[in-house]
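Residue numbers (the numbering used here), protein chains in the order written: chain C, 1 to 416; chain P, 417 to 534.
Derived by calculation from the structure, the hints in this document are not laboratory data. Zero decoy hints are in this set.
With a Cα cut of at most 25 Å, we get these calculated PhoX-like pairs of lysine-lysine: (1) C/Lys372 to C/Lys107; (2) P/Lys451 to C/Lys88; (3) C/Lys378 to P/Lys465; (4) C/Lys149 to C/Lys168.
One-sided and incomplete, this derived list gives chain C residues near chain P with beta-carbon spacing under 10 Å: (5) Gly24; (6) Ser73; (7) Gln80; (8) Ser82; (9) Leu83; (10) Lys90; (11) Gly92; (12) His94; (13) Trp96; (14) Thr99; (15) Ile401.
Small disclaimer: the values here were computed from a predicted structure and weren't measured. Note that beta-carbon positions come from the ideal geometry of N, C-alpha and C, so glycine has one too.
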Amino acid sequence: MGIRLIISVILFFSFSSRSFSKVGYLSNYWFTESFEKNIQEDNFQSIDPFLSSYAISYKDIGINQQKSLKDGSWYLSGFQTSLALGLKGKIGIHSWGGTKTIEIDWKRRAPKKTVSKERTILKNNKKLTGNKNTLFFNDKTTDEVINSKVNFIITKARNSGRVRNLTKLEGELKRIITSFQLMGESLTSHSFKSWRPVKLRLDLGIKGNGKVVFGPLIKMGGDLRLRLEWKKVKPINKNIVGSFNKSASSFFKKLEILLNSSLPVAKKKSLYPIGHIEIGLGIGINGGIGIGKIGGYGIPSIFFKKTSHGKEPYINGLLERSIPVMIENKRNGEKNSMGSIIFLNLDEKRIKKGIRKALKFSNKFMSKLNKKIERNSKWEIKRIKTQFKFSSDGSLGPVKISGIPHIAFYLRNNNK
Amino acid sequence: MKLKIFFLSVFIFLVSRPSSGEDAFPFIGLTPKGKSIEASLSKKKWKEKMEKSISYISQSALTSLERIEGQQRSPSFEQVDIGSSIKISLGLGTVVKGSIEPYFKLFFKKRRVQSIGE
Numbered sequence: 001m002g003i004r005l006i007i008s009v010i011l012f013f014s015f016s017s018r019s020f021s022k023v024g025y026l027s028n029y030w031f032t033e034s035f036e037k038n039i040q041e042d043n044f045q046s047i048d049p050f051l052s053s054y055a056i057s058y059k060d061i062g063i064n065q066q067k068s069l070k071d072g073s074w075y076l077s078g079f080q081t082s083l084a085l086g087l088k089g090k091i092g093i094h095s096w097g098g099t100k101t102i103e104i105d106w107k108r109r110a111p112k113k114t115v116s117k118e119r120t121i122l123k124n125n126k127k128l129t130g131n132k133n134t135l136f137f138n139d140k141t142t143d144e145v146i147n148s149k150v151n152f153i154i155t156k157a158r159n160s161g162r163v164r165n166l167t168k169l170e171g172e173l174k175r176i177i178t179s180f181q182l183m184g185e186s187l188t189s190h191s192f193k194s195w196r197p198v199k200l201r202l203d204l205g206i207k208g209n210g211k212v213v214f215g216p217l218i219k220m221g222g223d224l225r226l227r228l229e230w231k232k233v234k235p236i237n238k239n240i241v242g243s244f245n246k247s248a249s250s251f252f253k254k255l256e257i258l259l260n261s262s263l264p265v266a267k268k269k270s271l272y273p274i275g276h277i278e279i280g281l282g283i284g285i286n287g288g289i290g291i292g293k294i295g296g297y298g299i300p301s302i303f304f305k306k307t308s309h310g311k312e313p314y315i316n317g318l319l320e321r322s323i324p325v326m327i328e329n330k331r332n333g334e335k336n337s338m339g340s341i342i343f344l345n346l347d348e349k350r351i352k353k354g355i356r357k358a359l360k361f362s363n364k365f366m367s368k369l370n371k372k373i374e375r376n377s378k379w380e381i382k383r384i385k386t387q388f389k390f391s392s393d394g395s396l397g398p399v400k401i402s403g404i405p406h407i408a409f410y411l412r413n414n415n416k
Numbered sequence: 417m418k419l420k421i422f423f424l425s426v427f428i429f430l431v432s433r434p435s436s437g438e439d440a441f442p443f444i445g446l447t448p449k450g451k452s453i454e455a456s457l458s459k460k461k462w463k464e465k466m467e468k469s470i471s472y473i474s475q476s477a478l479t480s481l482e483r484i485e486g487q488q489r490s491p492s493f494e495q496v497d498i499g500s501s502i503k504i505s506l507g508l509g510t511v512v513k514g515s516i517e518p519y520f521k522l523f524f525k526k527r528r529v530q531s532i533g534e
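Take the sequences, apply the hints, and build the full model.
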């Protein structure tokens, strides 16, 4: 009897510790909605060992090599790494393809006395990081400029020898870029008070047959890749009649109110302020507009930035409505299938709750990883990007490796 | 009997431990066919590979940038970003079971020599 008891106790503790610890896996708390008020928040205990090791591994990486080139005009100022979540929530370093959950930008940890000097100098210098594969547009871009940019891409494609049907490509590019430019111009006709769209982004790939593809159909290393970015330059011109229909205007109005009510108003300087929020747009078959996938098919994602610092009043009644969200509806038993796309009407209160939780995740993660970085580390976090996806039940959670995000937060690190 | 209980306890303990990963980083991604995969690589080896890769790319990039600077060719940009991935083979000896390909980006900036206020 005594022996049986001992064996039972050993069995119980051994297997229970394995099933409940789930070390290395992100807690289910972040993927599900909770309607209970007293539910305990997850503190990333289950991924604590991973984060500790991760922070240590980048402590002085690349520094020894820099010493030999310290008198040069250029230096390694930072690097970017990414993390991903497996299908069951396991956290790891992103490799191969798939969606990154978190992108981390690291920068040199400068001694305090030189920080202000660097800030003053950087303030006066605009970052000129022109990527030759990124085309920039704004509300001053004319048709002539669009044509010249198209010709530029055609020339590049011809010189690469990787595209056969240049006539087809030219036609597709003109159509896509013109629509992209129109969408940007239409946004300028709306008056946004607190969260203002400052950028549109559309990533596309060019196939060998001249066809233009988007999102997951772009093959890294195979297709020519191009990024279109539109930025607002001119002040709002109320005389421009937007080409948006009523549903689009209503959607953007709801979206602004939603962001304003979901996200905190900074009464004092936040340790991790939001730089931008990126939201994917989706357009349904009947032309209705809603929240879609970032990098989704043919539709740009939109970047919002907070403009005013004061608390904006909002009408409670508007939160009773719903916003359409484009969700992939995977059929049962078909793990790797694309599934069908459906528009789920989620009530704004639910989306608001999801956004708040997503921001909480981002802040907590930044704070946790910051604490893991040792005082003598040569690198510190500059900013992070966290990506989130709506699941078919309407809950918003960190995006896993096979998912496509709907919303992304860009947080700066002001914690020195 | 006591010896049997001892070995049985050790066996149960070893089997029920969480999968050994304390000395390895997990790598997570999707294959081109959309299948989710995971692999492990020892932390020490990972750090060595990253250090080598960053050092190699930095050396090449900085040497090229200094040459351009020295020849005073197109000095109008002040930051250069380089995206790269490293391929690390997994396996034993000549039996290569696969590889992991983490992607990272390096940022290079031009050093400023002006004093404050300029």
